[in-house]
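Asker: Below, each chain spelled out in residue letters.
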Amino acid sequence: MSTPLSPERYWRLNRWLIAVGLLLGFVVTFGLGWFARELDFIFLGWGFNFWLAAQGALLVYLLIVTGYAWIMNRLDDRQLDAPGRPPA
Amino acid sequence: MKQAGAGEPGYGRQLNRVYRAYVACFVVFILSLSWLESLGLSREAIGLIFLLSTVALYAGIGIISRTTDPVEYYVAGRRIPALYNGMATAADWMSAASFIGLAGTLYLQGYNGLAFVLGWTGGYCLVSLLLAPYLRRFGGFTIPDFLGERYGGHWPRMMGVLASVLCSFTYVVAQLYGVGLIASRLTGLAFELGVFLGLGGMLICSFLGGMRAITWTQVAQYLVMLVAFLLPVAWLSVKQTGSPLPQLVYGQQLERVSERERELARDPREREVMSLYRHRADLLRSKLENPSLALAQDRALAQLWLDDLRQLPATPEDIATAERALYQLPRDEAGARRLWSRELEEAESKMLPLGGMPPHAQPYAGDPTGSAAQQLDFQSSRLNFLALVFCLMVGTASLPHVLARYYTVPSVKAARNSVAWTLFFIALVYFTAPALAVLVKHEILYQLVGTRIDQLPAWVSAWSRVDAGLIHFKDINADGLLQFNELSLGSDVIMLASAEIAGLPFVISGLVAAGALAAALSTADGLLLTMANALSHDLYFKMVDPSASTARRVTLTKVVLLMMALIAAYIAALKPADILFLVSAAFSLAASAFFPALVLGIFWKRATGPAAAAGMLAGLGLTVYYVATTQPWLRSLFGLDGPVQLWWGIEPISAGVFGVPLGFAVILLVSWLTPPPPPEAQALVERLRSPGQA
Chain Y
52 MSTPLSPERY WRLNRWLIAV GLLLGFVVTF GLGWFARELD FIFLGWGFNF WLAAQGALLV
112 YLLIVTGYAW IMNRLDDRQL DAPGRPPA
Chain B
-12 MKQAGAGEPG YGRQLNRVYR AYVACFVVFI LSLSWLESLG LSREAIGLIF LLSTVALYAG
48 IGIISRTTDP VEYYVAGRRI PALYNGMATA ADWMSAASFI GLAGTLYLQG YNGLAFVLGW
108 TGGYCLVSLL LAPYLRRFGG FTIPDFLGER YGGHWPRMMG VLASVLCSFT YVVAQLYGVG
168 LIASRLTGLA FELGVFLGLG GMLICSFLGG MRAITWTQVA QYLVMLVAFL LPVAWLSVKQ
228 TGSPLPQLVY GQQLERVSER ERELARDPRE REVMSLYRHR ADLLRSKLEN PSLALAQDRA
288 LAQLWLDDLR QLPATPEDIA TAERALYQLP RDEAGARRLW SRELEEAESK MLPLGGMPPH
348 AQPYAGDPTG SAAQQLDFQS SRLNFLALVF CLMVGTASLP HVLARYYTVP SVKAARNSVA
408 WTLFFIALVY FTAPALAVLV KHEILYQLVG TRIDQLPAWV SAWSRVDAGL IHFKDINADG
468 LLQFNELSLG SDVIMLASAE IAGLPFVISG LVAAGALAAA LSTADGLLLT MANALSHDLY
528 FKMVDPSAST ARRVTLTKVV LLMMALIAAY IAALKPADIL FLVSAAFSLA ASAFFPALVL
588 GIFWKRATGP AAAAGMLAGL GLTVYYVATT QPWLRSLFGL DGPVQLWWGI EPISAGVFGV
648 PLGFAVILLV SWLTPPPPPE AQALVERLRS PGQA
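Those protein sequence lines, which keep their order, are chains Y and B. Every position in the first sequence, counted from 1, becomes a number in this note's numbering once 51 is added. Position 262 of the second sequence, counted from 1, bears residue number 249 in this note's numbering, the numbering being contiguous throughout.
Each hint should be verified, as a subset may be incorrect.
[Claimed, not checked] What follows is a list of derived Cβ distance ranges for each label pair:
| id | chain 1 | residue 1 | chain 2 | residue 2 | range |
| --- | --- | --- | --- | --- | --- |
| 1 | Y | V78 | B | S273 | 35 to 41 Å |
| 2 | B | P662 | Y | W121 | 38 to 44 Å |
| 3 | Y | V78 | B | R329 | 53 to 59 Å |
| 4 | B | V5 | Y | D128 | 25 to 31 Å |
| 5 | Y | V78 | B | A360 | 27 to 33 Å |
| 6 | Y | L74 | B | G187 | 45 to 51 Å |
| 7 | B | R4 | Y | R129 | 46 to 52 Å |
If you're looking for bench data, these hints aren't it; they were derived computationally from the structure. Here a beta-carbon is modelled for each residue, glycine too, at the ideal position from N, C-alpha and C.
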């Protein structure tokens, strides 16, 4: 946990995380949204398509945002606490 | 999630204490008002107490937080903890329209209204992943500031100022309009007086304390909004399902709503009402073919009827009714055309099952397996839904007053956490709005429909007295019972009347209105400051007089703020109802102006200044052009006639689906054609991408 990444690898990892987050959001919103009419089955007592747009997608968004913040903040700590690197 | 990096743990604890005390005082205030109501305090008095005390509270916070230091004034000293900035951003971002109108839109449009829920929350993914941490790392004062520093030269900054003012101004007028409407409905005060009262409280706050005062006021306003939104819905849910958590249980109510909708579609009385409205629509259509002739005939007929009655031994009531009928006819052809067109529109929706509303749980209109027309309807409805979600998402991630809030946190890490808190606080309300829509629909379908007209609950007549546009009904088949198609609801009434529908005392309705007022004022505060900062910091200080002293800059901002506020209030007092459309277009405008330039500025080093300016101009230009040529009111303003040319059937509200890609394309293309950006710009991008405390 203590060795910091090189700036290039730090940025590459960040971009990768961003791409995963965006893709997840895109699939949930537009991918499943496109097929909303077909996704007409009961899920935990709810019509799945309605639940997805009213609650499910919001939960995924929260997951994306908190997950990204959690991972990146830990990564930043590691980069900045490393020896031989002045705090920016 | 901890409140990262504030560096001042005592500060956070002190804030927690202050806001806990505030919530306690607020609860005591509500309880004492409801006690006074039980002693016989009138609706108007309760409304007035709510209006004056909350506005005074916000103004008071402004006076306590007054400042002349530019860092405090522009970005609240950059020491707002992530959690509190999340609350402030949620209040900043939730406008009067989204507080009052969202539940109503969901009621009227069912699944299709969820585009707003998706777009307005999903946008925060873009803010978190693509913008907020980097803007905080940059650490400027405004959004045009970032464009100016990253791209160099005057043009990108100029475009940023122009787009900030364009988006924010229409938006602020709509907020003030909302303030006037809420104040006049709540208290019976004149609309204009309401506008200026709200403006007064807001100005004291933002004028004296800038971003610092606005932040603490917005936190206070968020708490009011949250309580005002959740309380009536929870109560209604207990009444209907026995559970105080409507978000978890409204699925079963939705099933029952769908069941009742199918039942009503077959109901003979509903069919009777529908066929009566179909006749009416035919009649109105034939009248509209020659309005002047039809009006002359109507007038002659009414006169004849009155003369006949006078000959007969008729009762004075009958004669008075006939006189009123004659008197109420439109005065001229234009008036008749307006009235009949409006009536025709209503009749044409009332001749359809469920008053033209789609079944609540059904995604998209039309039928993918039906006739060609139905298939086309389905395709277009789905495309517009997804296009609207896209525009609202990208627009949320581009509104300058929201993005500027992330300058106020202490560190990049706090910026990331703060976006998560913002989304959490917004989602609290947005999980609940669809629940409210379903619960109210359940109440109306099962309780109201089929009730005898003379036994309708008190809230129906109370709110139709306030404004007939909110709720009105007409027993068109004269059976003494209310049919679903005989009832017309305006979208605002769902939220405004929620407390009384749930059977709560009027004091909670007052609280709901106070929440709506808080939503309007908090958004207007943020918008005014954004415009004032863009004009004074970016236009004056950065471009006209870079040697201006800090005191002079802050003073200038205050003067600009005052001017902007007065102009906006003046326009709002003229009641320009059509401007409300422009608010929904503001998301498309902001998206196409800012999003490509901001994102490429961070993620593509090769993006150049001329390209950014050209891309912003092209994106904004295309969006403005599309809206102006397709939106009915703007078309009449520019004197356009002839058939509307929609591109791929996209509605004007989603014009951003064209503007955003064009903005990206132009920036890419022009960047390749122009020399690479100077080393300073590249160094800035390197700095943005590196981890850092600030």
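Asker: So, for every hint listed, does it hold in this structure?
Answerer: Here is what the structure says about each hint:
Distance hint for V78(Y) and S273(B): a CB-CB separation of about 52 Å, inconsistent with the stated range 35 to 41 Å. Between P662(B) and W121(Y), the C-beta spacing of about 41 Å keeps the proposed range 38 to 44 Å intact. Separation of V78(Y) from R329(B) is about 43 Å and departs from the stated range, judged on CB atoms against 53 to 59 Å. Evaluation of the 25 to 31 Å hint for V5(B) and D128(Y) yields a pass: the beta carbon distance comes to about 30 Å.
Range check, V78(Y) to A360(B): about 31 Å between beta-carbon atoms, so the 27 to 33 Å window is met. Checked against the hint of 45 to 51 Å, the C-beta distance between L74(Y) and G187(B) comes to roughly 48 Å, which is consistent with it. Our hint of 46 to 52 Å for R4(B) and R129(Y) is violated, since their Cβ atoms are close to 34 Å apart.
Checked against the numbered hints given earlier, this structure breaks hints 1, 3, 7; the rest are met.
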